[in-house]
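In the numbering used here, the protein residues as written are 1233 to 1644.
Treat the hints as calculated values from the structure; they're not laboratory data.
All residues carry an ideal CB built from backbone N, CA and C; glycine is no exception.
Hints are not guaranteed to be accurate.
In silico SDA-like links for lysine to any residue, alpha-carbon gap of 25 Å or less [as the list claims (entries may be wrong)]:
| hint | residue 1 | residue 2 |
| --- | --- | --- |
| 1 | LYS1400 | VAL1503 |
| 2 | LYS1304 | HIS1286 |
| 3 | LYS1609 | HIS1561 |
| 4 | LYS1304 | HIS1410 |
| 5 | LYS1400 | HIS1410 |
| 6 | LYS1389 | ASP1324 |
Here are the simulated distance ranges between beta carbons [claimed, not checked]:
| hint | residue 1 | residue 2 | range |
| --- | --- | --- | --- |
| 7 | LEU1305 | GLY1499 | 38 to 44 Å |
| 8 | THR1461 | ASP1263 | 26 to 32 Å |
| 9 | LEU1302 | GLY1499 | 42 to 48 Å |
| 10 | ASP1279 | ASP1259 | 32 to 38 Å |
| 11 | ALA1618 | ASN1506 | 34 to 40 Å |
| 12 | LEU1302 | ARG1511 | 31 to 37 Å |
| 13 | LEU1302 | ASP1279 | 42 to 48 Å |
| 14 | THR1365 | GLY1331 | 22 to 28 Å |
| 15 | ARG1483 | LEU1386 | 26 to 32 Å |
| 16 | LEU1303 | GLY1358 | 17 to 23 Å |
| 17 | SER1555 | LEU1356 | 44 to 50 Å |
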Amino acid sequence: MVTYARVSTGIVITGLGIVSPFGTSPDSFRDALIAGRHGLAPVTAFDTSSCRAHCAALVTDFDPTRWLPLLKLRRMDAAGQYAVALARQALDDAGVPYGETPDDDLGIVLGTYTAGGQPTEEFLRGLFALGPTGAPALIFNATVANIAASLAGLEMKLRGPNATISQKEVSGLAAIAHASDILRRGRARALVTGGVDAVYQVFYRVHDRFGVLSHANGGSEGSRPFDATRNGFVLGEGGFVVLLEREQDARARGARIYGSLLATAAGGASVGLNQWPDRPEPLTRIMAQALAQAHVRPEAVDVVYAAANSSALDGVEAKALESMFGSGHAIITTIKGALGESGAAGAASCVAALLCGHIGSVPPIAGLQQVDPLCAKLRLARRAEAAPGPVVLVNSVASGGALVSAVLRVSG
1233 MVTYARVSTG
1243 IVITGLGIVS
1253 PFGTSPDSFR
1263 DALIAGRHGL
1273 APVTAFDTSS
1283 CRAHCAALVT
1293 DFDPTRWLPL
1303 LKLRRMDAAG
1313 QYAVALARQA
1323 LDDAGVPYGE
1333 TPDDDLGIVL
1343 GTYTAGGQPT
1353 EEFLRGLFAL
1363 GPTGAPALIF
1373 NATVANIAAS
1383 LAGLEMKLRG
1393 PNATISQKEV
1403 SGLAAIAHAS
1413 DILRRGRARA
1423 LVTGGVDAVY
1433 QVFYRVHDRF
1443 GVLSHANGGS
1453 EGSRPFDATR
1463 NGFVLGEGGF
1473 VVLLEREQDA
1483 RARGARIYGS
1493 LLATAAGGAS
1503 VGLNQWPDRP
1513 EPLTRIMAQA
1523 LAQAHVRPEA
1533 VDVVYAAANS
1543 SALDGVEAKA
1553 LESMFGSGHA
1563 IITTIKGALG
1573 ESGAAGAASC
1583 VAALLCGHIG
1593 SVPPIAGLQQ
1603 VDPLCAKLRL
1613 ARRAEAAPGP
1623 VVLVNSVASG
1633 GALVSAVLRV
1643 SG
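Starting from the given sequences, assemble the full structure and let the hints guide the process.
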């Protein structure tokens, strides 16, 4: 791997990749969010009759043969297929050449909660049922979390840094933070980075047994961030990536720039296993660190894409946002009412912020009908609004306490 001298130039976004419940088109994705639509649908890929929950935010209108031949698809799980499609989209969108010859300076950093899980489930079912000879050997290599990033790197001949971040729900935004650090150290020319996830049976059933998913027993099933009637989150799937590169390189080649990644910060809160943070102070600290590194005052933040996901997290984050921004200038939104919760959610927020911000809009919070009194002091996006300006803060929080915040400036 070629090592460059440390650089102090900024990091910009020049390409996007989307696989979502609203398809793979950036315009369709953006328009659905601004219209306040949600992508929730009944799960049909496996039987949920013994579960309390029955819905998820599922990928639709995805034809993997647009990006891969059938022969290769047979050895890829859904997350791997999404990753290859996302990388191709982002590189093509950015106008970065790839594939003809291996590129030592072009790489991928991908966050995931579920990649490798579905092949592992299939492999173990065969092993337990029939013994070693019955285990499907061809999928053994796919039973690791880094399979998605590896497949994308192999397909596009990306020989630069190839890394996988698996940190539950913050995985996608944590990957973007890690990728920006790699670029600032001068260890790559450009990186595809973001998150990818796919809902599969064991993953869904485990969350249902934890009792964390929204269900219709005593309420209605759905994702309602910041709502007084919320009763759990909804799992989502898909993938969202950006192409990061150094600003000087992007401008030298005349690339279109969606926006700048000004800073990131990460940390943690001490919580119980699989629990959301129960105090606002840790998230307040991480937001403050990100803003300080970006040299942005809290009153200069125009839009916040919150981590709120229709769980107990919402009230805690609301307190942190209130202490940081009050009820004034910054508009607070979250796209998890539309897309559910996943390891790709933080990356999805970044993509949404860039696409919606480019047309000067803030998407409403899908599913929000009755604001929780704990959240009432925030300037919540109840309908599509005009963005006050280009500075965006994105939050990501994981059950277990991991915290990541990122500061973006959207290009006009």
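Hint by hint, here is what the structure shows:
no.	hint	verdict
1	LYS1400 with VAL1503	holds, 14 Å
2	LYS1304 with HIS1286	violated, 31 Å
3	LYS1609 with HIS1561	holds, 12 Å
4	LYS1304 with HIS1410	violated, 29 Å
5	LYS1400 with HIS1410	holds, 15 Å
6	LYS1389 with ASP1324	holds, 14 Å
7	LEU1305 with GLY1499: 38 to 44 Å	holds, 39 Å
8	THR1461 with ASP1263: 26 to 32 Å	holds, 27 Å
9	LEU1302 with GLY1499: 42 to 48 Å	holds, 45 Å
10	ASP1279 with ASP1259: 32 to 38 Å	holds, 36 Å
11	ALA1618 with ASN1506: 34 to 40 Å	holds, 39 Å
12	LEU1302 with ARG1511: 31 to 37 Å	violated, 51 Å
13	LEU1302 with ASP1279: 42 to 48 Å	violated, 28 Å
14	THR1365 with GLY1331: 22 to 28 Å	violated, 38 Å
15	ARG1483 with LEU1386: 26 to 32 Å	holds, 30 Å
16	LEU1303 with GLY1358: 17 to 23 Å	holds, 22 Å
17	SER1555 with LEU1356: 44 to 50 Å	holds, 46 Å
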